[in-house]
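So the sequences go chain by chain: A and B. Quick note: the first sequence uses the numbering used here, first residue 1, plus one each step. Quick note: the second sequence uses the numbering used here, first residue 1001, plus one each step.
A portion of the hints provided could be inaccurate.
[Unchecked claim] Among the chain A residues that face chain B by a calculated CB cut under 8 angstroms, a handful are: (1) Lys14; (2) Tyr44; (3) Val49; (4) Pro51; (5) Glu55; (6) Gly212; (7) Phe220; (8) Glu338.
[To be verified] Rough simulated footprint, nothing fancy, chain B against chain A, three-plus residues with beta-carbon under 8 angstroms: (9) 31-42; (10) 78-91.
[As the list claims (entries may be wrong)] Derived lysine-lysine pairs resembling DSS-like cross-links, with alpha carbons at most 25 angstroms apart: (11) Lys14/A x Lys1244/B; (12) Lys1160/B x Lys52/A; (13) Lys1244/B x Lys1232/B; (14) Lys265/A x Lys242/A; (15) Lys131/A x Lys104/A; (16) Lys1244/B x Lys1112/B; (17) Lys1313/B x Lys14/A; (18) Lys104/A x Lys323/A; (19) Lys1128/B x Lys1022/B; (20) Lys52/A x Lys323/A; (21) Lys333/A x Lys1022/B; (22) Lys1232/B x Lys333/A.
In case anyone wonders, no lab produced these hints; they're calculated from the structure. Predicted, not measured: the structure shown is a model, and the values here were computed from it. A virtual CB, placed ideally from N, CA and C, is assigned to each residue, including glycine.
Read off the chains here:
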Amino acid sequence: MRYITEFRNGASAKGLIARIAQTSKHPARFMEFCGGHTVAIFRYGIRQVLPKTIEMVSGPGCPVCVTATPDIDKAIALAQIPGVIITTFGDMLKVPGSRSSLQKARAGGADVRMVYSPLDALKIATENPEKSVVFLGIGFETTAPGVAASVLQAEEQNIRNYYVLSQHKLCPPVIRAILKAGEVKLDGLICPGHVSAITGSQAWEFIAKEFGIPCVVSGFEPLDILQCVAMLTAQVESDESKVEIAYRRGVTREGNAHALALMNKVFEPCPANWRGIGVIPGSGLKLRKQYKHHDAEVQFDIKVEPSIEPKGCLCGEVLRGVKTPLDCGLFRKFCTPESPVGPCMVSSEGSCSAYYLYGSELI
Amino acid sequence: MEDRILLAHGSGGKLAHDLIEKSFVSVLDNPLLAPLDDSAVFEMSGRLAFTTDSYVVSPIFFPGGDIGKLAVCGTVNDLSMSGAKPLYLSLAFIIEEGLLLKDLQRVIDSIKTTAEEAGVRIITGDTKVVERGSADKLFINTAGIGKIPEGVTISGSNAKPGDKVILSGTIGDHGIAVLSQRQGLSFGTKLESDCAPLGKIVADMLTASRNIHSLRDPTRGGLATTLNELAKQSKVGIRIEESKIPVRDEVAGACEMLGLDPLYIANEGKLIAIVSLEDADTILAAMKRNRYGQDAVIIGEVTAEHPGRVVMKTALGSSRIVDMLVGEPLPRIC
Ligand code: SF4
Chain A
1 MRYITEFRNG ASAKGLIARI AQTSKHPARF MEFCGGHTVA IFRYGIRQVL PKTIEMVSGP
61 GCPVCVTATP DIDKAIALAQ IPGVIITTFG DMLKVPGSRS SLQKARAGGA DVRMVYSPLD
121 ALKIATENPE KSVVFLGIGF ETTAPGVAAS VLQAEEQNIR NYYVLSQHKL CPPVIRAILK
181 AGEVKLDGLI CPGHVSAITG SQAWEFIAKE FGIPCVVSGF EPLDILQCVA MLTAQVESDE
241 SKVEIAYRRG VTREGNAHAL ALMNKVFEPC PANWRGIGVI PGSGLKLRKQ YKHHDAEVQF
301 DIKVEPSIEP KGCLCGEVLR GVKTPLDCGL FRKFCTPESP VGPCMVSSEG SCSAYYLYGS
361 ELI
Chain B
1001 MEDRILLAHG SGGKLAHDLI EKSFVSVLDN PLLAPLDDSA VFEMSGRLAF TTDSYVVSPI
1061 FFPGGDIGKL AVCGTVNDLS MSGAKPLYLS LAFIIEEGLL LKDLQRVIDS IKTTAEEAGV
1121 RIITGDTKVV ERGSADKLFI NTAGIGKIPE GVTISGSNAK PGDKVILSGT IGDHGIAVLS
1181 QRQGLSFGTK LESDCAPLGK IVADMLTASR NIHSLRDPTR GGLATTLNEL AKQSKVGIRI
1241 EESKIPVRDE VAGACEMLGL DPLYIANEGK LIAIVSLEDA DTILAAMKRN RYGQDAVIIG
1301 EVTAEHPGRV VMKTALGSSR IVDMLVGEPL PRIC
């Protein structure tokens, strides 16, 4: 674990900052896709140390934030069915749906439990054979293989009361959709670190080829991100567009074949509804037919009323990179991490919570 | 079948009596506890400190400690942070039916060892047993009394511009050690909780100088939250430097992986001291001589600017506001 201290080393950081300032001649707008990057950029004050020529915008890479309201409503409705235990990652508890949240449903008597991994959920299923235990499968390529593994384990151990409500989403299709829409002009993309560890950097090659946008995969430490920005800047200034990796210790071109195989075994692509963006074909994952007895969508009769979006919330625009939380009239005044209006304020990876926690003007 | 706690152990009958005698009294034996009257009776004079806290932790055994050690250290440390010398503790257990007797014994033994190290005595107690599912294995409440030495006035509202901020060692060890034991979060680490009684190090510091203005142990909410509390209570600003804050490689590694910020992770054996500029080095030296303060370091200072706010100079040379913890720190999903 030595690299941690190395990657926070102030001296090498200063070198990189100087290099970026020297190379950067033309205005350039870079999007960090991943919410983890947004948080790191704020936490280490990276925007402050970059030259004026470089503008950073945040993208849609926060799995909690992109979960659309109807999908949240569905999870809440499922929680109301007698005999159902909902298990979920903690951030999902507070996300407001149209009329309630999982947290409120729990206070009202629903059995909703926070877990750290789908394996915890599986354990709850074995301990409560008379109940139906549903794991809310949200997340990207990073979490899907683990959920797939839990389904296979349930198969192997014949655990029949374990279900997954799959709301998983895939990253490359949403980036394509955003770039195609052309609402936000980008000169470079900071590609997600953990997602790329699974998909490999090859997943982004279409962006460089079809859209001519430089791509660099980054880790989450400040030096990784600075390195990444330096590489993007170099590409911009030399008019190149290719996929590079600034996160060699975590990412290869090919990715993690084992995890991808697990994911493909259990899931198949399906359309998915992204908050603020809409339905994108092939951007979600659902359980394959042979696992339908673990598919909550198939096994339960979930009734949801038409959804209502939170009034005044700009999460959709924020996720597309066309607005920042500061453009939102509710930010800080009515919307805070304690009483969030939209999911971008709930999730620890959300842009609004990053702005709230780390983004205040210095006094 | 291994012996387990039954509901009858809390009923006040013979089983309960035997449990208290065998498991508690004989282990924690001391003259004030021994009479087993309805209350412990003792003499005391001067300025006293009195505090209470309840302890729930899952799992109840974790690397570097257990719920018993935590229950003693937590209350001892709360007393110590007012400058008091911790003397007596009460100890109340709420036990979930079915807890292994040997686990209970292990917790009590750990309480004994920790209390001895801290120089406190357990002088009264209580046990209740609740039905399976009504508690999670074991909850403990402790209350404590300590005596404040003559001339000591330590409070969270005493920090003054110009004061130095000292941190007694690495941050995040406890929170990450406990998290590492959660199912499904197996990241190979040998990290241990820093759980420790801080009475002695505070006594050493007070011997070195009485110019200690504020003391606080950064438990839940971590260093960031505690510094914010101090800044708000004293109506001063606090400036710290990221590069001065000691973090173990294992903690930094786990935090990177999980997307957590060590500044917000709980500690159970660390303290923050806000002390006058003139005596900062003397106090720091006294801390470094104690086993729980070997890595102590001055991490920043108190300012008149930005009252109520904590500002950190990052390793990159930029500055940012460090806010209180909101919600609980959760591992990232992405
Ligand atoms: S600040 Fe709140 S209301 Fe505004 S966009 Fe963010 S989450 Fe939505």
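Hints and how they fare:
no.	hint	verdict
1	Lys14	holds (7 angstroms)
2	Tyr44	holds (5 angstroms)
3	Val49	holds (5 angstroms)
4	Pro51	violated (13 angstroms)
5	Glu55	violated (17 angstroms)
6	Gly212	violated (27 angstroms)
7	Phe220	holds (6 angstroms)
8	Glu338	holds (6 angstroms)
9	31-42	holds (count 5)
10	78-91	holds (count 3)
11	Lys14/A x Lys1244/B	holds (17 angstroms)
12	Lys1160/B x Lys52/A	violated (38 angstroms)
13	Lys1244/B x Lys1232/B	holds (23 angstroms)
14	Lys265/A x Lys242/A	violated (31 angstroms)
15	Lys131/A x Lys104/A	holds (21 angstroms)
16	Lys1244/B x Lys1112/B	violated (36 angstroms)
17	Lys1313/B x Lys14/A	holds (14 angstroms)
18	Lys104/A x Lys323/A	violated (30 angstroms)
19	Lys1128/B x Lys1022/B	holds (16 angstroms)
20	Lys52/A x Lys323/A	holds (19 angstroms)
21	Lys333/A x Lys1022/B	violated (58 angstroms)
22	Lys1232/B x Lys333/A	holds (20 angstroms)
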